[in-house]
Amino acid sequence: MIRIDSVTKRYPDGTVAVDRLSLDIPDRSITVLVGPSGCGKTTTLRMINRMVEPSEGTILLDGVDSRQQPVNTLRRSMGYVIQNAGLFQHRTILDNIATVPRMLGWGKEKSRARARELMERVGLDGALAKRYPYQLSGGQQQRVGVARALAADPPVLLMDEPFSAVDPVVRKGLQDELLRIQEELGKTIVFVTHDIDEAVKLGTMVAVMRTGGKLAQFAPPAELLSHPADAFVEDFLGADRGIRRLSFFPSAGLELLASPIVAVDATAEQIAAAGAAGAPYLLVTDADGKPLGWSEPRELTAGEIKTDRLLSYGRPFVTGADSLRAALDCAVLSPTGWAVAVDAEGRAAGVVSQQVIGEAIRGAHAERRADAEPGADGGEIQKVAP
Amino acid sequence: MSELFDLPSDLQNSYFGLVGLHLREALIPVLAGLLVALPVAQLCVRVRWLYAPVLWVTTVLYAIPSLAFFVILIDYTGLSELTVMIPLAVYSLVVLVPAIVDGVRSVPQETLAAATAMGFGPVRRYVQVQLPIAAPAIIAGLRVASVSSVSLVSVGMLIGNEGALGNLLNSGLIYNQPRLIWLSVVGTAVLALLVDAALIGLRVLLTPWMPRATRRNARPLAVKEAAR
Chain A
1 MIRIDSVTKR YPDGTVAVDR LSLDIPDRSI TVLVGPSGCG KTTTLRMINR MVEPSEGTIL
61 LDGVDSRQQP VNTLRRSMGY VIQNAGLFQH RTILDNIATV PRMLGWGKEK SRARARELME
121 RVGLDGALAK RYPYQLSGGQ QQRVGVARAL AADPPVLLMD EPFSAVDPVV RKGLQDELLR
181 IQEELGKTIV FVTHDIDEAV KLGTMVAVMR TGGKLAQFAP PAELLSHPAD AFVEDFLGAD
241 RGIRRLSFFP SAGLELLASP IVAVDATAEQ IAAAGAAGAP YLLVTDADGK PLGWSEPREL
301 TAGEIKTDRL LSYGRPFVTG ADSLRAALDC AVLSPTGWAV AVDAEGRAAG VVSQQVIGEA
361 IRGAHAERRA DAEPGADGGE IQKVAP
Chain B
1 MSELFDLPSD LQNSYFGLVG LHLREALIPV LAGLLVALPV AQLCVRVRWL YAPVLWVTTV
61 LYAIPSLAFF VILIDYTGLS ELTVMIPLAV YSLVVLVPAI VDGVRSVPQE TLAAATAMGF
121 GPVRRYVQVQ LPIAAPAIIA GLRVASVSSV SLVSVGMLIG NEGALGNLLN SGLIYNQPRL
181 IWLSVVGTAV LALLVDAALI GLRVLLTPWM PRATRRNARP LAVKEAAR
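For the record, the sequence lines run as chains A and B. For the first sequence, position 195 matches number 195 in our numbering, and the numbering has no gaps at all. For the second sequence, position 160 matches number 160 in our numbering, and the numbering has no gaps at all.
Fair warning: there could be bad hints in the mix.
In silico negatives: residues of chain B with every beta carbon more than 12 Å from chain A [claimed, not checked]:
| no. | residue |
| --- | --- |
| 1 | 17 |
| 2 | 81 |
| 3 | 112 |
| 4 | 120 |
| 5 | 155 |
| 6 | 185 |
| 7 | 189 |
| 8 | 206 |
| 9 | 212 |
Partner residues aside, some chain A positions facing chain B, computed with beta carbon under 7 Å [as the list claims (entries may be wrong)]:
| no. | residue |
| --- | --- |
| 10 | 80 |
| 11 | 89 |
| 12 | 90 |
| 13 | 132 |
| 14 | 134 |
Calculated from the structure, these hints are not laboratory results. Where a beta carbon is used, it is the ideal one built from N, C-alpha and C, also for glycine.
With the hints as extra help, turn the sequences into a complete structure.
The following block contains the structure:
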């Protein structure tokens, strides 16, 4: 465990970057430091590998003062990923990744073999091995940065706004990849970002810091969203924290209606039966059960359903895997106000109205209030994909 | 053909002997200048306020006429090659120091931070990261310094005939032989071009990592200014 014990960083000009910060960073999980610029989050990160020396206080690694070992030994035991990747532009991708193993004396062949293994792990095409950084896209460079940090298999990974400089689509891909890699490797990751959405998505624990280097709140993301410690945290979380909090409620409990679903080759009786169920719209699927679009029941004639006349169904949510937030989003986006639930194979599992989702949200909130009062261990709350 | 390159016997050298001598007298000072400029530039990078005064000193040194330099040096090093080469080495600093400083400073902050975070000590970081990335700028500086050095060597004729191809120019004037003058002037120009081409070749060889589009413009602005 990394224990930051009442650490202060004061610069010669009197600026206090970090003010008596204490934080216990749990092993094998992602701890996110988040806050506005100037809150001391990067300074805090850099004090862990002593790129910045604390003015007061100590940082303990598994109970041992981090100043006990030579500084470069300490740094080689911690992977470091930086904004814009900071790759060595004069070295090939493979040699970039092999940097720390080479310094640790692994030998050329072993280091390169390890680098190739890591390229695969972070989702880089092996054909890029002999390329130079300028030949890669920003997202690819950042993957190389992650691979380089992981090369010597350090127990700790420090990440300083690693995904801030890439576009949102690439960023989402990198975030998902990081979660996948973390699932496999179980590193102790300290992740700095100014993006609260990123913090909520990635963090097992989130430390919100305020200007002046003070800790505002240290909590699991779900608790952060449900019980912000003060007005600053609430403000920092943004206006839609209620909606975002729904990311932590599974959609599995939603009551899905299967009756308003008809196949494109349905008989007149089947259409009549579906229409009789009372739903204002019917969902038409193809022969495999994959959704095609909505239609009013009276527009459908057996045997001659025109798929190009159907109303778009928007984006479906995967029942069970996606959260209530995804389900609500689907319902809001759908022209009929009904969300389409699909199974893992993409076949329509049922449809659900906004009203039903709203009831589920109220029910989930009531349940959550009953068994997770503030201060209770919110870490057990299962995170589901937003 | 052989008559074309025949030289008066008082030069005591063949044409290509003079060319070799010229190269030696031009390039050894640049090399010496580089050896001095590297630590000086590194000092300027680390101690920021030093850079302005150092630039000022190199500029003042560059402004001293070579003749004045020779007069002072003759007391110590006599009528020798060394007396020619010392001023040339000093002159090269005005180009090399800013070239190296700009090159080293052009290394992105995040690259340096990443190197530090991976456990590079200051020496390893300088040798393995900063210098290689500064190489294109340093070589651009070397090109300017070498070409100017090749053209300046001829002045050495003034002190005990240490001017290599410059001596040939002098002979041409004395014996009123345009052929010798042409041999000297064209020889010097061709030599300068060849040295420049060799340095371009060296850069291409050393920097396979540079994007092709920027390779042609690798010469930083400050060096262009210093070259005038």
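Consistency of the hints with the structure:
1. Against the 12 Å criterion, residue 17 of chain B stays outside the reach of chain A, whose nearest CB is about 40 Å from its own CB.
2. In this structure residue 81 of chain B is separated from chain A by more than 12 Å, as the shortest Cβ-Cβ distance comes to about 37 Å.
3. For residue 112 of chain B, the requirement that its beta carbon stay farther than 12 Å from each beta carbon of chain A is not met, with the minimum near 8 Å.
4. Consistency note on residue 120 of chain B: stated as away from chain A, yet its beta-carbon is not over 12 Å from all of that chain's, at 8 Å minimum.
5. Against the 12 Å criterion, residue 155 of chain B stays outside the reach of chain A, whose nearest CB is about 39 Å from its own CB.
6. For residue 185 of chain B, the requirement that its beta carbon stay farther than 12 Å from each beta carbon of chain A is met, with the minimum near 40 Å.
7. In this structure residue 189 of chain B is separated from chain A by more than 12 Å, as the shortest Cβ-Cβ distance comes to about 34 Å.
8. Non-interface call for residue 206 of chain B relative to chain A: violated, since the shortest CB-CB distance, roughly 9 Å, does not exceed 12 Å.
9. Residue 212 of chain B, annotated as away from the interface, has a beta carbon of chain A within 12 Å; the closest lies near 10 Å.
10. The beta carbon of residue 80 of chain A comes within 4 Å of a beta carbon in chain B, closer than 7 Å, and the hint placing it at the interface holds.
11. Below 7 Å, beta-carbon pairs count as interface contacts, and residue 89 of chain A has one with chain B at about 6 Å; its hint therefore holds.
12. Below 7 Å, beta-carbon pairs count as interface contacts, and residue 90 of chain A has one with chain B at about 5 Å; its hint therefore holds.
13. Here the hint on residue 132 of chain A is kept, as its CB sits about 4 Å from the closest CB of chain B, short of 7 Å.
14. Satisfaction of the interface hint for residue 134 of chain A is found here, the shortest Cβ-Cβ separation to chain B being roughly 5 Å, below the 7 Å cut-off.
Checked against the numbered hints given earlier, this structure breaks hints 3, 4, 8, 9; the rest are met.
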